[in-house]
Amino acid sequence: MEMLHYDFMQRAFYAGGLIAVMASVLGVYLLLRRQALMADMLSHVSLAGVAGGAYLHMNPTLTGFASAIVGAIAVEYVRRSYKTYSEISIAIIMVGGLSSAVVLMSLDTGLSKSFSSYLFGSVVAVTSQELWLMLVTAVIGGLFFILLRRPLYQMAFDEETAKTSGLPVNGLSMAFSILTGMIVASAMPIVGVLLVSSLIVLPASLAIRIASSFAAAIGIAIATGLTGTFTGLTASYMFSTPPGGTIALTLLFLFIAGITIKRVAVQLSKRRQRENRREAAYTQPPQSGAVSTDSLQ
Amino acid sequence: MLLASMKQVVFGYGDVPHLEEANIEIHTGEFVAVTGPNGAAKSTLLKLTLGLLRPWSGEVYLSRKSTGGSKLVVGYVPQQIASFNGGFPSTVLEFVRSGRHAIGSWLRRLKPEDHALTEQALKQVGMWDLRHRRIGELSGGQKQRACIARALVQQPDLLMLDEPATGMDQQSRSSFYAFLNRLVKEHGKTVVMVTHELSEVQPYLDRMISLERKEDGRWRCCTTTSCSGHFMPVG
Chain A
1 MEMLHYDFMQ RAFYAGGLIA VMASVLGVYL LLRRQALMAD MLSHVSLAGV AGGAYLHMNP
61 TLTGFASAIV GAIAVEYVRR SYKTYSEISI AIIMVGGLSS AVVLMSLDTG LSKSFSSYLF
121 GSVVAVTSQE LWLMLVTAVI GGLFFILLRR PLYQMAFDEE TAKTSGLPVN GLSMAFSILT
181 GMIVASAMPI VGVLLVSSLI VLPASLAIRI ASSFAAAIGI AIATGLTGTF TGLTASYMFS
241 TPPGGTIALT LLFLFIAGIT IKRVAVQLSK RRQRENRREA AYTQPPQSGA VSTDSLQ
Chain B
1 MLLASMKQVV FGYGDVPHLE EANIEIHTGE FVAVTGPNGA AKSTLLKLTL GLLRPWSGEV
61 YLSRKSTGGS KLVVGYVPQQ IASFNGGFPS TVLEFVRSGR HAIGSWLRRL KPEDHALTEQ
121 ALKQVGMWDL RHRRIGELSG GQKQRACIAR ALVQQPDLLM LDEPATGMDQ QSRSSFYAFL
181 NRLVKEHGKT VVMVTHELSE VQPYLDRMIS LERKEDGRWR CCTTTSCSGH FMPVG
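Quick note, the sequences are listed as chains A and B, same order.
At position 231 of the first sequence (counting the first as 1) the number is 231 in the working numbering, and the numbers step up by one without a gap.
At position 110 of the second sequence (counting the first as 1) the number is 110 in the working numbering, and the numbers step up by one without a gap.
Calculated from the structure, these hints are not laboratory results.
On a predicted model such as this, the values are computed, not experimentally measured, just so you know.
Check before you lean on any hint, since a few could be wrong.
[Unchecked claim] List of simulated lysine-lysine pairs, DSS-like, C-alpha gap at most 30 Å: (1) K163/A - K7/B; (2) K163/A - K111/B; (3) K123/B - K163/A; (4) K71/B - K163/A; (5) K65/B - K163/A; (6) K163/A - K47/B; (7) K185/B - K65/B; (8) K185/B - K163/A; (9) K65/B - K47/B; (10) K71/B - K111/B.
Take the sequences, apply the hints, and build the full model.
Shown next, in the form of structure tokens:
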């Protein structure tokens, strides 16, 4: 644990832990609402905010954060026009975010950090200010997901039934989108724009596939997110690899391993059931009322 | 007491009006069926009543209060083929219990009474033994029953059902319709149900709302037929 003697590694572990928990829970709801690509889209919008902030000589972290929130609000409005195909709204805003980012990045922005650290993430890129921003986001997100877990469950399953039950679905959905923007913008320094969706999508994908209940899905997603992030950060330090890519690869490995174990377990269970049935057929005498060969004679 | 009504409602998808001259009234303690051929805007009529769709013109009214003066509780069972989220990682128990979430404050803790009502609703639809099963693993008929249980657990004043008996066998349908009839006649609830199986449900109905095609191909909700044989033009 020599690496934990370094301040920058401590910050990376604190930040990684906070983001892993938030992103994993968020991912479960995003996937169930068929908005898996929203994190990817918002990270591009956030990058445009970073570039814009640098060009205007404003704090790029805060402008990136603000632009992700604006993008989240915009996607919510566009989504209402394409109710059945919510991914269209994501594609539309992604085009706007990515094109703005490319144009702004081509200008001389004079950023202190390189754009590659925003694109791919960097442990040393996590500043105290960014860590505080993550902490604030984690507190807001934690309260949101704990206090509103029941309405969120209903809304994620079926918005129409949730509306008829009296839930203010539009307001709740908007708050959820804004929180998504905040979490994505907070996660950018550690995993980078290109890999932020790995933290959100991979733990949730595994959890939804293998969990037997909703509570278990949330628990599995958090455990997978934390394991992947901490293992990825450690491997990144040991092998001097980029942290974002290493975390994403670790999460991908966990996802494939989890799915494979689940399949093997299902196959074994089916085989055991077949064997039990065969055994029962050999050992049980014919039941009363069953047609026997004698009655046919 | 008038629970819901529509006056001269026009609604369509895209630029073309699909439903015109929709005039209905739903009163407390009625068992009403909405009938019509496929594509006749039966589900649309339900969604307009519930405020899930906005009419192009005309008036839609849904009471906020029940007969007792408390907030009107509406139980809605949508058409399952279109809406059921089969991959949702949830047990039947969690799913049905979620119907209690909307009762009272969002932040309240569920009480023993909520759990007892959940058990009762699951038993009423014959799903208690499957309560720990993942909802995605259920058959079509079982999913339908789970959705009905989620609506029942709310103890709704107004129950809106969109083809709820899809996937049920004949015996299950008969006992389900008899159960709905008891809700109306013994507990004073109001049931509005979209259905094609009129012959089975007709003995229990108070009224039928039928959607008829006009000469220009659009649909109108022009008649409210009393099941005792009277014919009442409303439009």
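Outcome of the hint check:
The hinted pair formed by K163/A and K7/B meets the criterion: a straight-line CA distance of about 23 Å does not exceed 30 Å. At most 30 Å may separate the alpha-carbon atoms for a hinted pair to count; K163/A and K111/B meet this at roughly 23 Å. Between K123/B and K163/A the alpha-carbon distance is near 26 Å, which keeps this suggested pair within the 30 Å criterion. Under the criterion of a C-alpha separation no larger than 30 Å, the hint pairing K71/B with K163/A is consistent with the structure, at around 15 Å.
Pair hint K65/B plus K163/A holds up; C-alpha atoms about 17 Å apart against a cutoff of 30 Å. Simply put, K163/A and K47/B have alpha-carbon atoms about 11 Å apart, close enough for the 30 Å limit, and the pair holds. Between the alpha carbons of K185/B and K65/B the distance comes to roughly 20 Å, so the proposed pair stays at or under 30 Å and holds. Taking the CA atoms of K185/B and K163/A, the gap is about 28 Å. The hint holds against a cut of 30 Å.
Between K65/B and K47/B the CA atoms are separated by roughly 19 Å; this keeps the pair inside 30 Å, and the hint holds. Straight-line distance between C-alpha atoms of K71/B and K111/B comes to about 20 Å, which keeps the hinted pair within the 30 Å bound.
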